[in-house]
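Undergrad: Protein sequence lines correspond, in order, to chains A and B.
Its first residue numbered 1, the first sequence is counted upward by one per residue in the working numbering.
Its first residue numbered 1001, the second sequence is counted upward by one per residue in the working numbering.
Keep in mind that the hints are not guaranteed to be accurate.
For each label pair, taking beta carbons as the anchor points, the in silico distance ranges come out as [said to hold, decoys possible]:
1. A/94 <-> B/1022: 21 to 27 Å
2. A/77 <-> B/1195: 49 to 55 Å
3. A/35 <-> B/1137: 30 to 36 Å
4. A/173 <-> B/1186: 51 to 57 Å
Selected chain B positions facing chain A (in silico; Cβ < 10 Å) [stated by the list, open to error]:
5. 1010
6. 1013
7. 1018
8. 1036
9. 1077
10. 1079
11. 1157
12. 1163
13. 1175
14. 1190
Read the hints as simulated data drawn from the structure, not as lab findings.
For glycine and all other residues, C-beta sits at the position ideal for the given N, C-alpha and C.
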Amino acid sequence: MTTSTCAVRGEDLIAYADGYLAGARRELVEAHLRVCAHCQDRVAAFREVDRIIREGAPLVDDSAGRVALHAALLTQQARRPVVPWPLRRSIITASLLLLLAGLLTWPISSRAGVPLGRFIDFGPVRVERSVSSGRDAPALLHVATAGPSPAALIFSAVEPPVLPLGLKRVERSTPTQDRLELLYRNGLGMAVLVQQTPARANVVSLDTSSGEHGVTLVAGIEVLWLADPQPGAVSWLFWEREGVFFELMMTESPPDGLLLTDAERIVESLATAQDAVTK
Amino acid sequence: MADTRAVTYLADRELVLVVRGGDVDAFACLVDRYYAPLLRHLTYRTGDRELAADLVQETFLDAFRHLDRLPDDRPFAAWLYRIAQNHGLMAERRRRLRRFVSLDRFTDPAAVLPEIRRRDASEMLPDCDLVRRALEALSPRLREALLLHSLDGFTAPEVASILGISLAATERRISRAKEQFRHRYDGMLSEEGQRER
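Could you put the whole structure together from the sequences, leaning on the hints where they help?
TA: Structure (structure tokens):
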């Protein structure tokens, strides 16, 4: 197949071969195909590609995987909610409204004084970052604190309820005593996970052969980013600020992905949230 | 529970209604229908059979969990492949990050995240065949569109809904993918022929 100079484009031929081309467009393509041997060859070649791929990639059974899946489904089935989704949605909405009403009537205190969780608290802990000299040797930690002992006060984390791009915090967890995970979603199918850990001697080791990466400067912060398969978009960012090591990961992506400029706005917003707490 | 032999002959839409009606065993019929095609699709998409098998599991479990949310006007197969598409994207991102650990965790090996290994091409698929090589030579975007259209038999509008892009863009991708595939496949075929001579 070579580049065609015909008025009928490859995409028209795909639509024609798929059988959904209709109306004037179909008549045009059919009339053209009657007189153009080149395009007849292209349609035949498209169908030939389908045949080559189907024959060259036969189905392979995976009985072990199938059995494992059936077992996992049985477990899921046991956990499956009895209430159907539409009713569940109504119950969730009603619960959220009740919760909102409760929150609005709750006495509001200073954000900086509210504990983040069982283990994580706001506080003036300062952790100096040191770099490992040996390959596997752990770095020495130099911890200096002006507040309570580091054991009680792990690090200073932030959890803004909203981020740019309409991202709203929907989940929060502290899987270990020195890690806070926040999940944000927006109505455009985007979900990002923001993780915060104490900035001790964090190492990010990348497989540089498999993707583009770089460093961008956002409000004086060096942010390491990894490119997304979507051109111009990023999927993973790391940065360190005020004794906290941040990791921002796209967990669900809209078609265009997350643009670097938008990611920078999120980084800036988290830095502003930090400033609001620490200053 | 419905008779499994009976539900096997139901269309996807009807099976979904049976599952929603409370007979969750009918979901096994959907698994049987799409397990092997989805595994093949993800194997060629990721180039890693083991990873593809994991993604198939995650995709079906996700579909089962959220089956109530399948829109009435959306075919089950396209919706299932859309879920697989998201899992594929996530896996692609995960494996690009070889390792991320905080050095202070070296004292506790259990706390270190497992290293995500990018598998060598030789262990990806059983045979180093021309189709696989010609597919791998395509960009991920073109390969994805071509696999959905040529291998899985989705029409261009269905591919567009799975990929979340416009129909015009999908048709362009499929057309370019087919032309590039054919060009590379023919080139490889003639190279093989010359080598044999």
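Undergrad: Now tell me, hint by hint, if it's right for this structure.
TA: Tested hints:
| no. | hint | verdict |
| --- | --- | --- |
| 1 | A/94 <-> B/1022: 21 to 27 Å | 24 Å, holds |
| 2 | A/77 <-> B/1195: 49 to 55 Å | 54 Å, holds |
| 3 | A/35 <-> B/1137: 30 to 36 Å | 34 Å, holds |
| 4 | A/173 <-> B/1186: 51 to 57 Å | 53 Å, holds |
| 5 | 1010 | 18 Å, violated |
| 6 | 1013 | 17 Å, violated |
| 7 | 1018 | 14 Å, violated |
| 8 | 1036 | 4 Å, holds |
| 9 | 1077 | 15 Å, violated |
| 10 | 1079 | 14 Å, violated |
| 11 | 1157 | 7 Å, holds |
| 12 | 1163 | 7 Å, holds |
| 13 | 1175 | 3 Å, holds |
| 14 | 1190 | 15 Å, violated |
In terms of the numbered hints stated before, the structure departs from hints 5, 6, 7, 9, 10 and 14, listed from lowest to highest.
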